[in-house]
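Asks: With the UniProt record's numbering, the residue at position 200 of the sequence shown is 200, and numbering never jumps.
Hints are computed from structural coordinates only; laboratory data are not their basis.
Take every hint as true, because none was put in to throw you off.
Cβ-Cβ distance ranges computed for the label pairs, FRET-style: (1) Asn-133 x Asn-204: 25 to 33 Å; (2) Lys-75 x His-173: 41 to 49 Å; (3) Ser-29 x Cys-77: 44 to 52 Å; (4) Ser-154 x Ile-107: 39 to 47 Å.
Taking lysine-lysine pairs in the BS3-like style, the calculated list, with each CA pair at most 30 Å apart, reads: (5) Lys-181 x Lys-40; (6) Lys-140 x Lys-2; (7) Lys-2 x Lys-91; (8) Lys-34 x Lys-181.
Backbone N, C-alpha and C fix where the C-beta goes; we use that ideal spot for every residue, glycine too.
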Amino acid sequence: MKLRTAEQLSDRLSNDLAWRKKELSEVKSLVETKSFSDSKHKALIRSAICLLYAHWEGFVKLAANSYLEYVRMQKLCYQELATNFLALAMKERLKEAKETNKPSLYIPVCNFFLDELNQRCKLPEDAISSASNLSSEIFKEIIYILGIDFSPYSTKSVLIDTKLLKTRNEIAHGEYSLFDKEEYIELHKEVIAMLDIFRNQIENAAINKDYMRNTP
Numbered sequence: 001m002k003l004r005t006a007e008q009l010s011d012r013l014s015n016d017l018a019w020r021k022k023e024l025s026e027v028k029s030l031v032e033t034k035s036f037s038d039s040k041h042k043a044l045i046r047s048a049i050c051l052l053y054a055h056w057e058g059f060v061k062l063a064a065n066s067y068l069e070y071v072r073m074q075k076l077c078y079q080e081l082a083t084n085f086l087a088l089a090m091k092e093r094l095k096e097a098k099e100t101n102k103p104s105l106y107i108p109v110c111n112f113f114l115d116e117l118n119q120r121c122k123l124p125e126d127a128i129s130s131a132s133n134l135s136s137e138i139f140k141e142i143i144y145i146l147g148i149d150f151s152p153y154s155t156k157s158v159l160i161d162t163k164l165l166k167t168r169n170e171i172a173h174g175e176y177s178l179f180d181k182e183e184y185i186e187l188h189k190e191v192i193a194m195l196d197i198f199r200n201q202i203e204n205a206a207i208n209k210d211y212m213r214n215t216p
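Required output: the full structure, derived from the provided sequences and hints.
Replies: Given below as structure tokens:
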């Protein structure tokens, strides 16, 4: 389904986050149970951290790409875009010009700003990388690309980079990294809260048309 309306965007985000939260809630219930041996409990928590990270990265990237798809479907001109989306649209043109010493390659860039801002915008399909691990720096870059507020996450860098990503990487690479039950439950709570905030920010940005340039 193409995302032509803010309601369609909201439905996609809500449905996607719902199944992720349900799965994570079921795993959390297992972590909280006392019916496992100590060794099984440790193995369960290690597995739970990997799943928690997978849903963190999975939802953030799906939500970000969905918002970009929604903005594309608004069929705006370049001059109607907010500066973050105009910068994103210009990325490839500027990159090509930057990687050479030929001044002639800057002429199309100049022509764009002088004559083409009234044309329908084209936003890149690969703006959100699917290859990179979702560190706090990558997340911040996604936030800036989307033009939403990073301040709700400004104190979460250690949580994202060390408690979540670093621990997940150690486990995924076969290292014997341990996490106790209380640490996992707190991490679960923090990640779910960040995902809820991120979804709400994107939904509000679509409703408020924050993707459009403010005109006097």
